[in-house]
Amino acid sequence: MNRTKIARLVLVLGGMLTTAAFLMTFFWANPSLLPDGRVDFSQKIFYFHVPVAEASFLVFFFTALYGVKFLLTKDRRYDMRAKIATEVTLFFVLLTMATGILWTKVAWGVWWQWEPRLTTYFIMTLLVIAYFVLRNSVEDEEKRAVYAAAFGILAFIDAPISFFITRWAESIHPVVLAGGKSSGLEAPMLITFIIAQIGMLMLGYAFYEMRLHEEELKERLEALKVKVGG
Amino acid sequence: MAGSSWRQFKAILRKDLVMELRTHEMITSMGLYAILTMVVYQIALTEAGEALDVRLVMPGLIWVAFIFMSLLGLNRSFVHEKDQGCIDALLLSPVDRPVIFFAKSAGNLLFLLVVELLSLPVFAFLFLQGREGITNPIWLLGVVMFAASVGISGVGTLLATMTVNTTGKDILLAVVFVPLMYPLLRAAVGATFAAIIGGPGSVETFWAWMTWIAGFDVIMLLIAFGLYEFVIGA
Amino acid sequence: MQDVYSAVLPQAPYVIGAYGLIWVALLGYVGLVFSRLNRIEKEISVVEAAVKRREKSES
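Protein chains in written order, with this note's numbering: chain A, 1 to 230; chain B, 1001 to 1234; chain C, 2001 to 2059.
If you're looking for bench data, these hints aren't it; they were derived computationally from the structure. Here the structure is a predicted model, which is why all the values come from computation and not from measurement. Fair warning: there could be bad hints in the mix.
Cross-link-like lysine to any residue pairs, in silico, SDA-like; alpha carbons within 25 Å at most [unchecked claim]:
id, chain 1, residue 1, chain 2, residue 2
1, A, 105, C, 2056
2, C, 2056, A, 223
3, B, 1169, B, 1067
4, A, 74, B, 1067
5, A, 74, B, 1094
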């Protein structure tokens, strides 16, 4: 079975898992309660906001990883992989931002708050965008690849900072998955979350492979066109 | 080998210094830029008038000035190298790549520190007269400025080496540089605030922020140093 | 009972908004990439046929 077929299988599986988690969110996971005992419906956003956010951190790691691999081998394929990983990161980051802002409005009463987690994540968004701005302004192909790899590695530093900042600094952003007693998720909630998380990671992988396949086909097409033209 | 590296380092640094002493271009443009920033601050703060304690926003204001000033300087220092074919000559000569990185960073650090030292008293003169003085020892301020400037010029040197070869040069440097510098700037503003405003526990807070700055400096400089060879070779 | 669920209705638009957005975005992304893939595959088969024709006429 080749990579593309595996990717399509993973895409279907990921789609099924996220759909299952979506249904479980509303029909199975027990509701979270506000301090005054009323049902906190906005907590439902958690089941997809967090998986997308975790996925964005993880996919961003591949930008740095393929950046390192590119610099060590100078193999153009790694540059393409790093670029596609960053593209998927951007997609996930924007989704995280959008769902997060909706939740913030309900829970904190404002759309935006300059709070350590939000701030560092916003910086990460800017870095991901800057990655593409940088790519677009270098004409020489080799230079573009090297610069993008270097910047991708530097930019990734912000991901662990953003991830751990709620543990280091005073932050009002909830830390649900801190482990131990404070994790505060009952079994149905935790299971729903884990399924959504696995599904989202599968989707991330599938998106990445599909885009990679597309780029490879594009290259094949270019090569064929040269053949016809010459 | 170590001896020759040191000589190469000094030679590149001296080149930058001699050029600066002849043209005064970097210091003048960066200094003027700092003063212009203060004029803009005056506009920004004017309606708040006496109600606003400038000391509370001063740490932020000076670091905003410094970061944009450093952008200007970093960009300048590489535009020269490129326009006059200096980088190509350097690459052709048997100079170790890391030496180029350290020498250029040291030069940028030096210019940045000079302009920072010149502009701080001007800032105090323009904005802080009649305000409460600084209770903590003033050398704390020097420590933050030095440590943060090391990070700024180190990472900035790497990034400016890249962006000088791009179509959008100075704009692009800002786009890639400012978000990367965020953790450092945040810590620098925190440390500067603790140093200036004082109060109980401020020295502990100061050193807590300083560990952030030191950590950032070490990690980022190591990475920048490791990446420089690839970037300049491209 | 009514009281326990009183926070649900005002919060609902945001929750629905968040979920709607995620689903539209994910499906849209998959759709976009697949449509582009199809187009490229079609183009490749056309060009490949052209290459074959040329090779035949040359031989």
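The hints, checked one at a time:
no.	hint	in the structure
1	A:105 <-> C:2056	violated (66 Å)
2	C:2056 <-> A:223	holds (19 Å)
3	B:1169 <-> B:1067	holds (16 Å)
4	A:74 <-> B:1067	violated (33 Å)
5	A:74 <-> B:1094	holds (23 Å)
Hint compliance for this structure: hints 1 and 4 are broken, all remaining hints hold.
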